[in-house]
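Residue numbers (our numbering), protein chains in the order written: chain R, 1 to 318; chain W, 1 to 323.
In case anyone wonders, no lab produced these hints; they're calculated from the structure.
Take these hints with a grain of salt, some might be off.
27 angstroms max Cα-Cα, derived BS3-like pairs, lysine-lysine [said to hold, decoys possible]:
no.	chain 1	residue 1	chain 2	residue 2
1	R	Lys254	W	Lys42
2	R	Lys308	W	Lys294
3	W	Lys180	W	Lys198
4	W	Lys294	R	Lys33
Chain W residues, not near chain R, derived (Cβ > 12 angstroms throughout) [stated by the list, open to error]:
no.	residue
5	Val37
6	Arg123
7	Pro184
8	Val200
One-sided and incomplete, this derived list gives chain W residues near chain R with beta-carbon spacing under 7 angstroms [to be verified]:
no.	residue
9	Ala301
10	Val308
11	Gln311
In this text, a Cβ means the ideal position worked out from N, Cα and C, and glycines have one as well.
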Amino acid sequence: MPLSPNRLPDAYRQMLVIRKFEEAIRDLYMGGKIRGSFHPCVGQEASAVGACWALQKDDYMTCTYRGHGQALAKGLSVRAAMAEMLGKATGCSKGKGGSMHFTDPSVGLLGANAIVAAGLPLATGAALASQLQKQDHVALTFFGEGAVNQGVFFETLNLAVVWKLPVIFVCENNHYSEMTVSHETTSNSETYKRGESFGMPAVVVDGNDVEAMYAAVEAAAERARSGGGPTYIEAMTYRLWGHMMGDPEGYRAKEEVARAREVEPIVRLGKRLKELGYSQSDLDTLNAEAEAIIADALQFAQNSPAPKPAEAFTDVFA
Amino acid sequence: MPVLTYSQALNEALREEMQADPRVFLMGEDIGHHGGVFRVTKDLIDTFGPERVRDTPISESAFVGLGIGSAMAGMRPVVELLFMDFALVAADQIVNQAAKMRYMSGGTLSVPMVIRAQQGGGRGNGAQHSQSFESWFAQIPGLITIAPSTPADAKGLLKSAIRAGNPVMFIEHKLLYSTKGEVPEGEHIVPIGKADVKRVGRDITIVSYSRTLLFALEAAEQLSRQGIEAEVIDLRTIEPLDMDTILESIRGTVRLLVVHESHTNCGLGAEIIARVYEQAPDTLITPARRLGAKHVPIPVAEALEDAVLPQVADIVKAVEEMM
Ligand SMILES: Cc1ncc(C[n+]2csc(CCOP(=O)(O)OP(=O)(O)O)c2C)c(N)n1
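Between the sequences and the hints, there should be enough to build the whole structure, so can you do that?
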């Protein structure tokens, strides 16, 4: 079943929440309010929302340090995410995990990961648990195209196929790994072919098209749930901002980024909504709603207490 | 003498060694045109070309392994890991391969290779990007482990490491890169395995290295205002450990505190103090102490990270308690 056109306004609002979340973080970061790393997902909102919305709440997911949007789309509270960014006690990991480790098992989010490709076997392990427990949960793991050169990528794809595990591999191909153009360090940059070579269905999807993403993941989830095993999805997208704050972006031309802005997910979905008969003022309303959600989260996070130093010593063991 | 940052000093060492020895080449992520995320390899690709300054895929296990293989076949690779935390992705190559090749081959093979990376916390980079592994590396026979604290030592030790003829874990600290200091031009060599007395004092010996060495010096300044004169020893090399310098110092000060950022538990402090009690049993008049990270993963929020990592105030307090 495709994403119903009735839900497209909600998807638009969700993508705007993600975009504005990252913009708010950028402003806080510039103001010296955020420590450590921040890897924005601006431009990649459609694959996050399309993929996550095609899953059930209790389906599992792992994502990467560039996974704020994915975590929010899966259902992580915007307040808890914002508080985590500000290192507050009310953050989703009580200020311990930070930007690269958003986690919320109540919505199936088994953690973002700061080690490239490390999330693949973790999600696949959750899929194994689902299979062993005879449940019909599936697991989805997001990774970048840079992850396909890690040994654990190959090891995991093989096991997933051999054991017919209900897992969906979603490669968000944004063309760059840090400051490197990925095809310069990858033998065959059409990464779906790697998935294919292990004997699983592998598809390339326009990752900036929320409906296409939804359809691809929904089909993969259906297949996984009915015992058909894993699927590989390569979502073609583009990272509109730098790899991280302070990235001088010397590796790409401004014109390239400008061109990408014309086909970015939010612009795209805005056009689509208008084709469907929504007015500009409808879109403005959705925009205002997204803004209110972020303003509320910011206020919540800013008014939250910092964790007490003693909290550093809890949560090490069960 | 020119004043350079820690990363400029490392850059100078790489440049000089690459100029002097055509066998030296570099591999790592974003080290070429980008010049390294921490700018250590800045502009080297312009001088030496992409053949000798090689951008790798995100394949730590493979490019560390290729480094080892190339070293066994006559090259002198310097491999950069973006964060020392990623050494774990390449752990088999480092521990089972590089460290043991010479021994397992009865001395017929050697692995003249340097693995450089920055480590440590203090910047809120989180549990998978803030660890300190030197105590763990020091546990592996066959690895030399180095952790300089100043730009001059960074340059002199990197040059020595490249020439060492053995696998070297060369540990930098993410919060040292922008620190500045005088660095001798040209052939400036700091020997491996030789500690340095960075401050002379009569009342207590503080042994440290890398970033906490700067903390120890700052603590020593504060203590001096209360009339306590600390001698501060910069180990510079973790393995092999320069016990002679430590023993000589504590014969005068009769008190010993070891400070490091890696976890206290089974850390280098434990090793140093055990050796002091074995090698100079009756020297200390008060029990030796150690300060390191508390036994939890490194958290992000400032209040939490500060509680876990040793701070200047912790050093001052420990010394006061020992007087
Ligand atoms: C094992 C490992 N090596 C290196 C890094 C440093 N690093 C962080 S992000 C990144 C680039 C990853 O690129 P890609 O997989 O394409 O994902 P993107 O960042 O574009 O989302 C690198 C090399 C890391 N986190 N983990």
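Quick rundown of the hints versus the structure:
| no. | hint | in the structure |
| --- | --- | --- |
| 1 | R/Lys254 - W/Lys42 | holds, 23 angstroms |
| 2 | R/Lys308 - W/Lys294 | holds, 16 angstroms |
| 3 | W/Lys180 - W/Lys198 | holds, 16 angstroms |
| 4 | W/Lys294 - R/Lys33 | holds, 26 angstroms |
| 5 | Val37 | violated, 7 angstroms |
| 6 | Arg123 | violated, 6 angstroms |
| 7 | Pro184 | holds, 31 angstroms |
| 8 | Val200 | holds, 35 angstroms |
| 9 | Ala301 | holds, 3 angstroms |
| 10 | Val308 | holds, 5 angstroms |
| 11 | Gln311 | violated, 11 angstroms |
The structure fails to meet hints 5, 6, 11 from the earlier list, while all remaining hints are met.
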